[in-house]
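A.B. asks: Spelled out from the first residue to the last, the chains are:
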Amino acid sequence: MAEEAAVRAQAETVRRLKQDKADADEIAKEVAKLLEMKAQLGTDEGKQKFVLKTPKGTRDFGPKEMAIRERAFKAIISCFKRHGAEVIDTPVFELKETLTGKYGEDSKLIYDLKDQGGELLSLRYDLTVPFARYLAMNKITNIKRYHIAKVYRRDNPAMTRGRYREFYQCDFDIAGQFDPMIPDAECLKIVHEILSDLQLGDFVIKVNDRRILDGMFAVCGVPDSKFRTICSSVDKLDKVPWEEVRSEMVAEKGLSPEAADCIGEYVQLHGPEGALCGGQHWHRAHLLHPGAETGGRCLWCL
Amino acid sequence: MLRLAPFAAARCLPAGPRLGPLCLAGNCGSFARSRPPAGDRGALSRQVRAAAGGERLPVLKTPKGTRDHPPAQAALRERLLGAVVSCFKRHGAAAIDTPVLELRETLLGKYGEESKLIYELQDQGGELLALRYDLTVPFARYLAMNKITKMKRYHVAKVYRRDNPATTRGRYREFYQCDFDIAGQFDPMIPDAECLKIVHEILSDLQLGDFVIKVNDRRILNGVFAVCGVPESKLISACSTVDKLDKVPWEEVRSEMVAEKGLSPEAADRIGDIGIERIFSILEQRLEASGEKLRTTETQVLVATPQKHLLAARMKLISELWDAGIKAEMLYKKDPKLLKQLQYCEDTGIPLAAIVGEQELADGVVKLRDVATRKEVDIPREKLIDEIRRRLEP
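Listed in order, the protein sequences are those of chains G and V.
Residue 222 in full-length UniProt numbering sits at position 222 of the first sequence, and the numbers go up by one each step.
Residue 192 in full-length UniProt numbering sits at position 192 of the second sequence, and the numbers go up by one each step.
These are computed hints drawn from the structure, not numbers from a lab.
All clues given are correct.
Heads up, simulated DSBU-like pairs for lysine-lysine below, C-alpha to C-alpha not over 30 Å straight-line:
| hint | chain 1 | residue 1 | chain 2 | residue 2 |
| --- | --- | --- | --- | --- |
| 1 | G | Lys64 | G | Lys53 |
| 2 | G | Lys81 | V | Lys327 |
| 3 | G | Lys53 | V | Lys89 |
| 4 | G | Lys108 | V | Lys64 |
Bear in mind the structure is a predicted one, so any value in this text is a computation, not a measurement.
Assemble the whole structure, with the sequences as input and the hints as a guide.
C.D. replies: In C-alpha cells:
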C-alpha cells in the first residue's frame, strides 16, 4: 500500500510539473522515475496500453444482432405465454455449494468468483439447478415456468461453430405430480410450435427419458457403476462423431467394446421406425401419447 | 485510458418523502432464512456432515444482496421495463448488449474509490475477469472497439457491486440499470434536450405522481468546486463524496468531506441515470397497498371437460386454440372435475372457459363460459375462435 501511495504522489508531482510548465528535463526525469516505480509495483497500471476486447468466448451484441434476437425471443416467449407459463428470474451467481456436485465431469467448467472475504460464489452453469433451488426454497410443488437468461461455462469454445462461454438458454419446465404424460405432451407441442413459428425449415424432434437410456445401458451390459459416466459420453454425440465417443468409452472409461458396440446400434437408430414410439407409426414432429386407451396413436391429429 | 465526455443525462429524484423500507410483493423468502452466515457454519456443518456419513447439507439461499424474482415480481418488472424500452425505441435508440464479464483491465482505474466494490473472478488459468459494475464503461469499450463516433443506444441489464446492501432500503448487489446515451458531436444541447424529454415521458407514463428532474453537467460541478476553493487534486475525490447524496443523508456526506477529505462543504446536484430499481420498489409497494392482484400469466381460455374419458377431446380443442394464437391452458388431469377446472380459472384470473362434454361433442358445439359473470352460451365449434377473439377485444 505504501508503494501505491508513493506512485500516486509521484504521479501528482508529474502532473503539477506539467501544469506549471516546468523545465522539460526535470519533467522527463520525474516521468522516468514514475514509470520505474510503476514497473516495480508490477501492476497492470504499469502497461501503457491495454487491449480492447471482450473476454474469450463472449461477444457484444450490436443493434443488428439485438434485432434478430428480439424477434426470436418474442416468438419463443409468446409461445410460452400462450401455454400459461409464468416467468421467473434468478441471480447470475449462486453460492458455490449450490452448484457443487450437480454437474459431474462438467464441474471444471464452472466460473468461480474470487474469494473476496464473503460467501464463495460461482456463475450459474444452467437454469435448471437454480430452478430446483427456487422450488425447494419456496416449497413449491407445482409450477409451469419459463426462464430465459444467459449461462456461463468455461468451455474451449470452437467459436466458428457458434459455441461460447456466455450464452442464452430458454428453459421451459413443468414441475409437479400430474397424470402421466400430459405435461410431456404439452412440452412436445411447444417445441413444435416454436420451431414452426421460427420458420427454420423441416425439423425432427427427438424424445428421450432417462429410464429408456438406463434400460438401453442395462441391455448392453453397462455396469451400474458406470451408468453416469457413460451417459456423459453418449451426451456428447451431438457435438462429436460416434467413433470418438466410442473410443472415449472404451479407452478412457473402461467400457467393454461389446457394450460400446451395442450402444452404438441403438443410438444410430433413426428414421420412420423409432425405437421409442411404441411400435405405432411415427409422424415427424407429432406427438404420441403412450397410454392404453389411445393405443399409442397420435393425439394431435385425431 | 478511456475518458468519457459528459454524456447528457438528467438526474431525476422523485419529489416527496424518501423511500421507506422495501416491502416485497410476492415474497420469495430469500431473506426469511434464519441460518447463521456461511463462515460460522464451518464447524457445525463439518460435524453434521460427519454424522450423516459425509453427505452434504444443502444450503438454500441466494447469495447476499441478490434475490430471485418470482412470477408476481417478474410480471411487474416486465411491464415496467416494457414501458421504458418502448420510450427509448420511440426516440430511435438502438439496443445493444455486452457480456456480463469484462477483462479486469477494462474496468481498472475507471471507478476510483468504488473499485473495491467490483466482483472479481478467480484466476482459473485464463484471462483475469470481473463482473461489470455499470453499463457505461462497457459502452465506451464498445464504441472504441468498433470505432463508432455517433450512436444513440439503450442498454437494459443487470450490474454487480459488492456493496454492503442495506437491503431494507432496497439496495442490492445485483440490480438493473436502464442506460440511455447519445454519443457524438452534435449542435449544442439538442441531444441533451431529448434526454430530458425521455425522462419526462417515462416518469409520466409510469404515473408515479409529481416529480422533479435535476440536471447537471460535470463542468458545472467543477465550477462549483472551483468557486468553493476545492483544490484540483481533490476534485475527483470530492465528486465521489457528493455522489453519495442519493444514499446517504446530507449530514453524513458533509461530514465525510470535511473530516475525511479536508474540504469545505457545499451542496451540489449530480448526474445520474434513471433509478429503475427505485421505481420498481415504488410500484411494488403501491401494488401491495392497493391489494390488487397482478396476474402472472396471460392465459385467456381454460379448456375444460366435465366427464371422464374426454382427455383426447380436450387436447384436440386446446390444440385448435393454440394454433389460432389464443392463450389457453388445461389441467394436467385425465378426468378432472368441472368444479376444480372452474376454480382454477377464478384463482388465476382466466376470463373464459371453453367446456366440451359428451353432449356438446354430439351437438358440434362448445359451451363458452364467462368466468366473471358465470354466463354460459353454446357456440358452434366452427365459430368458436371468432367468438373468443370478439370477446377478448378490448
